[in-house]
Amino acid sequence: MKFGFIHNNNSGLIKELATDFESLRFSINATDDIDSQITEFIKNSVASSGVSALFIKLTLSQNYMELLGLRLALHIRLSSKFNQINTLPIILLGEEKYEELDRMTTFSGSLSSPGLYLSRETNDQVNKFISLLKSKDLKGCESIQDLVEKINIEPPVSYLSHHSIANEWSILRWAKVLGIDHNTEFNEVRARIENLLYYKYLQAKYPIQSDAEQTKISIDDNQKVLLIDDEWNKGWKHVLNTMFNPTTQNKSKFETFEFDFKDKTEEELINACKNRIKEFDPNIIILDLRLIDKDFQQGIIIGDLSGIKILKAAKEINEGIRVIAFSASNKISSLLELQNAGVNGFILKEAPELTVNKNGTSELIRTFKAAINEQSKYFFQKNLFQKCEQIQKILINQEVEENDKYDKLIKHLQAQLRVICSSLKTIDVKITTSIDIAFLACYNFLEIFKTYYVIEDIDYRFYLGLDRTQLYRYDFDKYRFEGKAEYIQSKKGDKPTWFHICAALFIDYFKISKSPYNNEITILKKLSLARNKYIHNTKIAFTIVELEWVVDSMLLACKKIRE
Amino acid sequence: MKILLIEDRPERKIQFSGIAGISSLDEYSFLNILTPTQLKELKNELKNGSQNMFVEFDLLMIHKSAFTQSELDKIRSISKPIVYFSGGIPHSSYTDSPAATLHVNSREFYSTNLIGFLETINKTGEIELMQLQFGEQWELNLLLNLREKLTQKINNESSNRIFAEDFDEIFTDQIMRFDWPETMANQIQKLKANGMASGETILSDIRNVVNEIINKRLNIIS
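Each protein sequence line maps, in turn, to chains A and B.
For the first sequence, counting from 1, position 248 maps to 256 in my numbering; every step adds exactly one.
For the second sequence, counting from 1, position 32 maps to 1488 in my numbering; every step adds exactly one.
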């Protein structure tokens, strides 16, 4: 029976007890990553040593308080990769008493876990342990889970100072759930993160399962999603590509803003983002909010984050672009503040300290998927804003003489358009009245034409505009055209309706439709019927399709608008 | 005593210093903080194979992101004490082989530890890297290191004697500078002068005193 003795040439025992011990020297190099060095040592020297117990010096470096021996012991216990040794009895050797260690390190809780022992480094003491081991009276760790429950390993300091750690942490967890963590794209992140003792601890506490099938996202062909994240090349691009394109046949329009964020000014970043957004024309942007150095300054307010400025730039390009904040920073905690800033959704990538159960990562990915699906329901909004912008441009470019009737019409339409844009902005697909409000605002936009174009003459006839074009009554039986006739008032109060006027304007004045059989006229009829049913309480709510139709009709009318 | 601080991201310095309540580092005349232009010049010199710019300094304190890996390798080869700090370093670690090298996270570097470290230099002219790593606990670390060495010596029965070279190895300059109780200081001096013959218990006696001081520092009443 051989026992491993991990030391750094800092014990006389190895000579004294050479027959029982296999000497395993941990020699520390100048390093900025002690956990990786420990992991390498375990992998190369301990895992295959075939020993049946481990004696480890509490200290393995020149600074005692680093207590690298205790750290190494915890690495052995928590590394699932080394399952041939992670339950062995471990005897820690040092002069310290439990009480002292308890005040020196946050790892001291592990000392009361099964299979971990503390011994003074004397021949007598060590020989006692050897006897117990030989008689099999000294047990190893029967349950890693028991140990995990007893200890609390704090996040590394770098987690507080460097958002990359949290980001890389999330990337690896997401990749694991998607079953792609062994792809070469993650090598760099894996090497940096997987060796951290803290990561091993959380992995042991909250092991995760691949859940690739449940996490695929299918979005319609016409939807476009853009990722803006300074950590895109660490793995997010690959993770999200996998989610959006689960098969090679399914090529959804997901793209990444592949930009070198390092040392860029905010102005450079925002300009580059604007260009990319205009070029790709996404309807959803997944946006990390902290993208450049200044975003990590102490006390920075949400409104000053570069991500929020990009959000505003995106909304200026098109108010209907939906923005999902995607952040690893738990500092961005106030959803209300984000909503006020214009964010449509928020997803925390995954903060190690917020990991509370085994399914946390899968749940987050499902939340992400749900957020994408939810925001994709607003695809119509971007198109509507695009059309409203077109209308605005047409109205601005109209040649008018100040204060004449045409000038008043244009100003009236512009005012109504502002109301429409405002109502479009507040649409919530779950609240049907928000769609109703937008629809009625658009319907009223067309109603304004009635006020300015229709002339009622003393001959009981009606005319349209400056040309005094004869107003015809286009009769429909529901959606079927039944004939047309001059509109002559048959009785007092017989006045042309919204539909009569719109149809006549479209066919006879603006010359949009060549005949009443054309689709535009059928749509006007449908809109008119829908509105009347709504007013008479026989229709509960307007649909998004009806909203799209009424905006299309507005645009058609404005394209041909004339005095 | 001259120390060179190389920080390529002054805004980070301000950010972390703000957290730690450090008002200004300019008051320490022995601390040379490289300006961005000087950093550019230094990188050029490194590129041309020169290391002369480091000669006058006793310690280099370097933000890792200021240099590429090959530049860092060149700096390392000059074998001067170096402190590397970076936001990405998860845990501090120290080694003195081949030269004293401390890796520490930026947050720990720009902390009250740094002020304590600079103040010690101001007062004593001594560089105590442990102070940067452990802050106020650095002397406890020193005592634990001493206890460890004493224990090794005591346990090693075959060489239970103290010669001058053993003495210097255990009672380093740092240990000798420690503010020992008078009786302990006398014992150490006696040991230095006379060594220890086989059978004497002076090392164990010193260890007992060290134990007492450690317990006191840890607020343990024995």
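Note that these hints are calculated values from the structure, not bench results.
Misleading hints may appear alongside valid ones.
[To be verified] Pairs of lysine to aspartate or glutamate, EDC-like flavour, derived with a Cα cap of 16 Å:
{"hint": "1", "chain 1": "A", "residue 1": "K272", "chain 2": "B", "residue 2": "D1464"}
{"hint": "2", "chain 1": "B", "residue 1": "K1520", "chain 2": "A", "residue 2": "D41"}
{"hint": "3", "chain 1": "B", "residue 1": "K1672", "chain 2": "A", "residue 2": "E108"}
{"hint": "4", "chain 1": "B", "residue 1": "K1609", "chain 2": "A", "residue 2": "E108"}
{"hint": "5", "chain 1": "A", "residue 1": "K270", "chain 2": "B", "residue 2": "D1464"}
Keep in mind it's a predicted model, so treat the numbers as computed, not measured.
So which of the earlier hints does this model not fit? Hint check: 4 fails alone, others pass.
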